[in-house]
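Between the sequences and the hints, there should be enough to build the whole structure, so can you do that?
Chains as they are written, first to last, in this note's numbering: chain A, 77 to 327; chain B, 77 to 327.
These are calculated hints, taken from the structure and not from any lab test.
Heads up, the beta-carbon is just placed ideally off N, CA and C, and yes, glycines get one too.
Just to be clear, a hint being listed does not mean it is correct.
[To be verified] Listed next, the in silico DSS-like pairs over lysine-lysine satisfying Cα-Cα at most 30 Å (straight line):
| no. | chain 1 | residue 1 | chain 2 | residue 2 |
| --- | --- | --- | --- | --- |
| 1 | B | Lys195 | B | Lys121 |
| 2 | A | Lys290 | B | Lys290 |
| 3 | A | Lys195 | B | Lys92 |
| 4 | B | Lys178 | B | Lys121 |
| 5 | A | Lys92 | A | Lys121 |
| 6 | A | Lys92 | B | Lys92 |
| 7 | A | Lys121 | A | Lys195 |
| 8 | A | Lys178 | A | Lys92 |
| 9 | B | Lys195 | A | Lys92 |
| 10 | A | Lys195 | B | Lys195 |
| 11 | B | Lys121 | B | Lys92 |
| 12 | A | Lys92 | A | Lys195 |
| 13 | A | Lys121 | A | Lys210 |
| 14 | B | Lys92 | B | Lys195 |
| 15 | B | Lys210 | B | Lys121 |
[As the list claims (entries may be wrong)] Pairwise CB distance ranges, derived in the manner of DEER restraints:
| no. | chain 1 | residue 1 | chain 2 | residue 2 | range |
| --- | --- | --- | --- | --- | --- |
| 16 | A | Thr182 | B | Asp238 | 45 to 55 Å |
| 17 | A | Asp228 | B | Leu293 | 31 to 41 Å |
| 18 | B | Leu94 | A | Gly112 | 34 to 44 Å |
| 19 | A | Leu252 | B | Pro255 | 18 to 28 Å |
| 20 | A | His310 | B | Leu252 | 35 to 45 Å |
| 21 | B | Thr215 | A | Leu191 | 31 to 41 Å |
| 22 | A | Asp253 | B | Trp218 | 36 to 46 Å |
Protein chains: 2
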Amino acid sequence: MPRGRPRVLLDGPIDKWLDQFLPHLSVDCVVFGFHGGDLKLLVVKWPGLDVWTLPGGYVGLEQSLEEAAHQVLRFRTGLRHVHLRQFQAFGRLGRKEAFGRKLFLTRYSDVDPDLWVFKRVVSIGYYALVDFQKARPTTDPWSDSCAWYPVDAHPPLAYDHDGIVGCAREALRAALDVPGAGASLLPERFTMPELQRVHEAILGRPLDRRNFQKRMLDRGGVERLAERRRGGAHRAPFLYRFTVSPDGVGF
Amino acid sequence: MPRGRPRVLLDGPIDKWLDQFLPHLSVDCVVFGFHGGDLKLLVVKWPGLDVWTLPGGYVGLEQSLEEAAHQVLRFRTGLRHVHLRQFQAFGRLGRKEAFGRKLFLTRYSDVDPDLWVFKRVVSIGYYALVDFQKARPTTDPWSDSCAWYPVDAHPPLAYDHDGIVGCAREALRAALDVPGAGASLLPERFTMPELQRVHEAILGRPLDRRNFQKRMLDRGGVERLAERRRGGAHRAPFLYRFTVSPDGVGF
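Spelled out as structure tokens, the structure:
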């Protein structure tokens, strides 16, 4: 479980709050939700500027990487039990230092360029699959918007964050092979077309309905319930639920 | 390409050489080779002690993570063009700090416990697939042995390094699905039984000969040559070579 450290401490003298964190390190979270047949991405906006980034944070001196990522998720979505997977570390020189300093200068009149935050920061990338309906996007003093966008139509992101999203999508595609994949994106009971749409959104291509259904049922991890979804224009489709949880829900 | 920074600088006052590196960060390399039908692991030994670890190193202030990992590989094996893949960051509290200090005390009479190297170090894990025949294991002033062991029968490793090896094997298994996988472990021309043995060693279980051959040929990326391997006791087997290079050789 993440520790109960409050998140909004990043105020006052910059060098003082920076001292609470492991220098040169951050976590960035690629948060996916599923809504209206679309895969959505959670992005945050720098106050007063048209600058968007992934939600992220630094790593407390006594905090594991996972705890730091869970803390970002908990703060940004209100969710505690989130399917979170580390997928890659990003350590390219120049990935954010110059632009980061420019942004900080919009909030602090004078920023010491020798602070670690303006030198190299290596960021550990996590992706999260959350239930869109339950997430409550939340701003903080460092963001005046925290919002969902379609993953194929979000504002361009600062730093190397667009590249980080691309790597997260690739990792997510690879993870689709596991029975139960995508469970965290759907409500507890779902229809086969909804599950198919999740796979299609992640893969970025349409799938054949019959083959998809057969493959899902053959590989197990999903069971058909006695109930059907009522109220649609079409014949009421069966409801399904996952019987396995590869997503590690229960963190 | 890795930069030409000499590797063996870690001598003299400890705080001085630590200043060359990004604090609290390291790379650890899980180096796999294939020889005599076995998957081998390259491990190094602390001088004068029965303490074994993965080859690793710190990250230069102006060095990317990949460069740091390539530098370790180049130093430890003499190889420049190595298939190297980042697979996970390890940031658990207590993963090495206390034991690390104990080890350093065997070389320095007095070590400042406030140095970053004895606080938390987050390590970025890379695995490498190298041609066993071409690698030249090399020691340095911080190791009196650098040697291959069967991956299932190596000395227990210090810190969390046994766990890192386990994660690397898992990542390697997942990567076997890609046509051409394992190319870097084999010589340029190989027999189908040799390729099968590589897959078996990585998966840790025997595979059916006919199915394996069919699957390899069906998925492409490997071609049969006109020549056969001569000199064995059995009927001379055909030689094959890869026509794709998923392993990113040519770094």
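Outcome of the hint check:
1. Lys195/B - Lys121/B: 22 Å, holds
2. Lys290/A - Lys290/B: Holds. Lys290/A to Lys290/B sits at ~25 Å (cutoff 30 Å).
3. Lys195/A - Lys92/B: 19 Å, holds
4. Lys178/B - Lys121/B: Between Lys178/B and Lys121/B the Cα gap is close to 15 Å, so the pair holds against 30 Å.
5. Lys92/A - Lys121/A: 24 Å, holds
6. Lys92/A - Lys92/B: Status holds; Cα separation ~25 Å.
7. Lys121/A - Lys195/A: 22 Å, holds
8. Lys178/A - Lys92/A: 20 Å, holds
9. Lys195/B - Lys92/A: 19 Å, holds
10. Lys195/A - Lys195/B: Given pair Lys195/A, Lys195/B holds - Cα atoms ~20 Å apart, limit 30 Å.
11. Lys121/B - Lys92/B: 24 Å, holds
12. Lys92/A - Lys195/A: Distance of about 17 Å is within 30 Å: holds.
13. Lys121/A - Lys210/A: Judged against 30 Å, a Cα distance of about 21 Å means the pair holds.
14. Lys92/B - Lys195/B: 17 Å, holds
15. Lys210/B - Lys121/B: 21 Å, holds
16. Thr182/A - Asp238/B: 45 to 55 Å: The hinted range 45 to 55 Å holds for Thr182/A and Asp238/B, with Cβ atoms some 47 Å apart.
17. Asp228/A - Leu293/B: 31 to 41 Å: 37 Å, holds
18. Leu94/B - Gly112/A: 34 to 44 Å: Distance hint for Leu94/B, Gly112/A is violated at roughly 52 Å.
19. Leu252/A - Pro255/B: 18 to 28 Å: 19 Å, holds
20. His310/A - Leu252/B: 35 to 45 Å: Since His310/A and Leu252/B have Cβ atoms about 42 Å apart, the given range 35 to 45 Å holds.
21. Thr215/B - Leu191/A: 31 to 41 Å: 39 Å, holds
22. Asp253/A - Trp218/B: 36 to 46 Å: 41 Å, holds
Violation of the numbered hints given earlier is confined to hint 18; every other hint is satisfied by the structure.
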